[in-house]
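Visitor: Here is what each chain is made of, one letter per residue.
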Amino acid sequence: MNRSQRLLQRPLVSLILGALALPLLTGAAPTNGPAADDWKPPGGRIGYVLWDEYWGIRETADAKEECPQGFNIGPREQFAILYPQNGKPHKLVDSQLAYEADVWFPTTKPDRFEFHEATGKYALGIDLDGKNSPEDFVSDDGRTGIDNELFRVVGCVRNYRKEGELGIITTKWRQQNPFNRVTFELTNVDSLKNDPEVTVSYYRTSDHLLSGTTGNFLPGGSQRIDGRWGKRFTATTRGRIVDGVLETDPFDLELPEWALSDPSIIKFKGTKLRLALTPERAEGVLGGYADVEQWYYAMNTSWATHHAAYGQASAPSIYRALRRRADGYPDPKTGENTAISAVMDIKLAQVYVIHPDQAADRPTDMPARGATN
Amino acid sequence: MMRSLIKSLLAFTLGAAPWFAMAATPQAPAASAAPGTEQYESVPMPPGFQVVVSELEGPVFADASGRTLYQWPVKTLRNGAVGERKRQPTCDHTKYRVNSGLMSPYPPGLELPEVDTRPSCLDVWPAVIAGSDAKAIGKWSVIERKDGIRQWAYDGNALYTSVLDEQPGDVYGGTFRRTGGDAPGERKPIGPPSMIPPQFTIVPSLAGRMLVTSDARSVYAYAKDAPGKSNCLADCARQWTPVLAPAYAKDRGEFSIVQREPGIRQWAFRNQPLYTRVADEKARTQSGSDVPDWSNVYTQRAPAPPADFTTQDSVSGIVLADKQGKTVYLYNCGDDALDQLACDHPDSPQAYRFTVCGAGDPQRCLENFPYVLAAKGAKSNNRIWSVMQIDPMTGKRAAPGQPGALSVWAFRKRPVYTMFRDSKPGDVQGDTWGEFYGLRNGYKAFWLRDDFGNGGE
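These protein sequences, in sequence, are chains A and B. Position one of the first sequence corresponds to residue 1 (our numbering), numbered consecutively onward. Position one of the second sequence corresponds to residue 1 (our numbering), numbered consecutively onward.
Keep in mind that the hints were calculated from the coordinates and are not lab data. Quantities reported herein were computed from a predicted structural model and do not represent experimental measurements. Each residue gets a CB set at the ideal place from its N, CA and C atoms; glycine is no exception. It is possible that part of the hints are untrue.
[Stated by the list, open to error] Listed next, the in silico DSSO-like pairs over lysine-lysine satisfying Cα-Cα at most 30 Å (straight line):
(1) A:Lys231 to B:Lys424
(2) B:Lys424 to A:Lys91
(3) A:Lys91 to B:Lys396
(4) B:Lys75 to A:Lys231
(5) B:Lys424 to A:Lys267
(6) B:Lys323 to A:Lys267
(7) B:Lys188 to B:Lys75
(8) A:Lys267 to A:Lys231
[Stated by the list, open to error] Covered by chain B, per the in silico footprint, the following chain A stretches (three or more residues, Cβ under 8 Å):
(9) 84-98
(10) 149-157
(11) 174-188
(12) 262-273
(13) 304-312
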């Protein structure tokens, strides 16, 4: 069971304690009426800032369940096979540059290397398309129709697993680089336990995370909406809260993903959230159809072949698998799917969202500008 | 956004200081440099050398012909170091035939492109020869090389010129700008110290030479100040901190001291009182220039790009763009031989660029990373921007009158490009495209401002 499932199934008492704790931490007083486990956020409004993310890979002990054939080899190993150092000299154009040409302009021709896709019955995720297809997974808590084909593609690539450099660095930069700062704000919330209709807005925000002394991230911080550079990220959808779990209608979402050296963006279509909410945090999954080309090039511009080699992530092999496993948004002309179902395992901390028109909360020299609700 | 755009364009236009090159006699300060160009401190120089104020890099040392002087600093790459230590020049007549394997994951021993015509290091970086009567002075000294050549050095490091530089003020062989950890082991121009008080330093960028405090806080000027008089008082001064001058500080060059009130002395540059901004969260930022009437301070602005260009807001900052708003990209390249020769200009092998723009196919490159074409008769009013004639199939300079040649815009004698995946103004899909994040064989957006710390590299 992963951490999201654990949270989603955790005892009610924990939720209650969390609800009781928040006013102490933040000074936000519960409104009149609702019981502690049925808390209404002040003004019906609560924000959550993203601070932790991993691509949704259900990892089992020694990867025996999902990667029975082992992990994939990466650029270094592939290059050594393609261009063995057996005394025969190689030209840089025919070897290094030929490999880089495959990285930047990949094809769907048959791979020269065996590629191990992740297998099994179970995966993290959400039913994105409302169907229960043969290739769909089952979640650990028994939900069917789970769409997460990206799990098949990168589940056996070390870089994408929790031991991998990508996971570590991506999360590190998610926490440290404001380029990546995104916040969800729920409004029209009458109850954080059950509410048939809430509004979920998504913003790029500008502030550092509120961190604790032990490396954890605390509720009670604030996030100003980035109206200067972040307008394109703003999105809104509707959702509902059932037994403390938020589920949203599908919406398109762009996730800023600065990794090692690049302002990359992951584009999700038909995105859904499934988050267990407490007054101080949220955990769960973000699922959607990731645009394949965008996902691939964001990977390449974020991970040079050198760094990808650390995590044995072969871009040309991954591209073929992406195209093979793409399962959404067919191209109207060719019929080929342009997007792949994907899931991010995410954690968020409660924040107060500062809108540009909240003059009292910004420096007096700063003009109101940019995105609003 | 529109206000910012206009402001940026205005800044470029107003900041288009005329390029100015001047020869200074040894020991003579250049305090009379052209308006808008950076002043520098007088330093002792041997006869035959001079200081030239270049368009983008500011003051640089040059030889008697005006050719900019360069050094090759030691730089640690992925699998080892390149460059020269003090008094140990390694740039010689060796014609390397294979790569060095300094940039993983690729091994050494791969035969370099165009190997039979590949020049030596000294072919493209001629040593600055010291005559038999040359004498050390100040930081200038003479090195006896292993090959018997007597070579000038500055601060112990051997000096070279670049075959890319054609006129005084050209600095096409290297840059003061920070170029990134995985960029090649590049040569750096050298120059005299800027004439700035020790409380300040300069950040070189594509927008110009920006003034910051010595602890890297951005320095701003207020449009509502009068010359030599601050009008930022009370609440304003609580948000914009005057940069105070110590009691012993004196006027020097273009820096002067304004009395805010008795005993409170504030630095001014070109008669503009200087401030830092309390709300700045990052070092070397331009974010304060979003506030009406406030602007960053430059000792020297980059020359204005030709009228065919615009500026656009992206998700990370401001980029240069073509007339249609498509982001403009610079191509960076250095090979992996021990002498780290550049492959980023049309006189160098194009196999690297063709790999990352079109999988080796020049035609695909024209579609994926098209040149920014120059209209017939288009001209630049500065040297940093120019029009080049390019053979599109070889990527090299076209012969005069060559059929099919393209007239393209070039920055520092390197063509600039747009990118096929960018669909709307402000898209930067091509930024960091290519080997090692676009630093070693690939593309970087032409960043004029980056609020997230990426554009500097």
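Visitor: State for each hint whether it applies.
Guide: So, going through the hints one by one against the coordinates:
no.: 1; hint: A:Lys231 to B:Lys424; in the structure: holds, 14 Å
no.: 2; hint: B:Lys424 to A:Lys91; in the structure: violated, 39 Å
no.: 3; hint: A:Lys91 to B:Lys396; in the structure: holds, 21 Å
no.: 4; hint: B:Lys75 to A:Lys231; in the structure: violated, 40 Å
no.: 5; hint: B:Lys424 to A:Lys267; in the structure: holds, 15 Å
no.: 6; hint: B:Lys323 to A:Lys267; in the structure: holds, 27 Å
no.: 7; hint: B:Lys188 to B:Lys75; in the structure: holds, 11 Å
no.: 8; hint: A:Lys267 to A:Lys231; in the structure: holds, 15 Å
no.: 9; hint: 84-98; in the structure: holds (count 10)
no.: 10; hint: 149-157; in the structure: violated (count 0)
no.: 11; hint: 174-188; in the structure: holds (count 3)
no.: 12; hint: 262-273; in the structure: holds (count 3)
no.: 13; hint: 304-312; in the structure: holds (count 4)
Violated hints, in rising order: 2, 4 and 10; the structure is consistent with all others.
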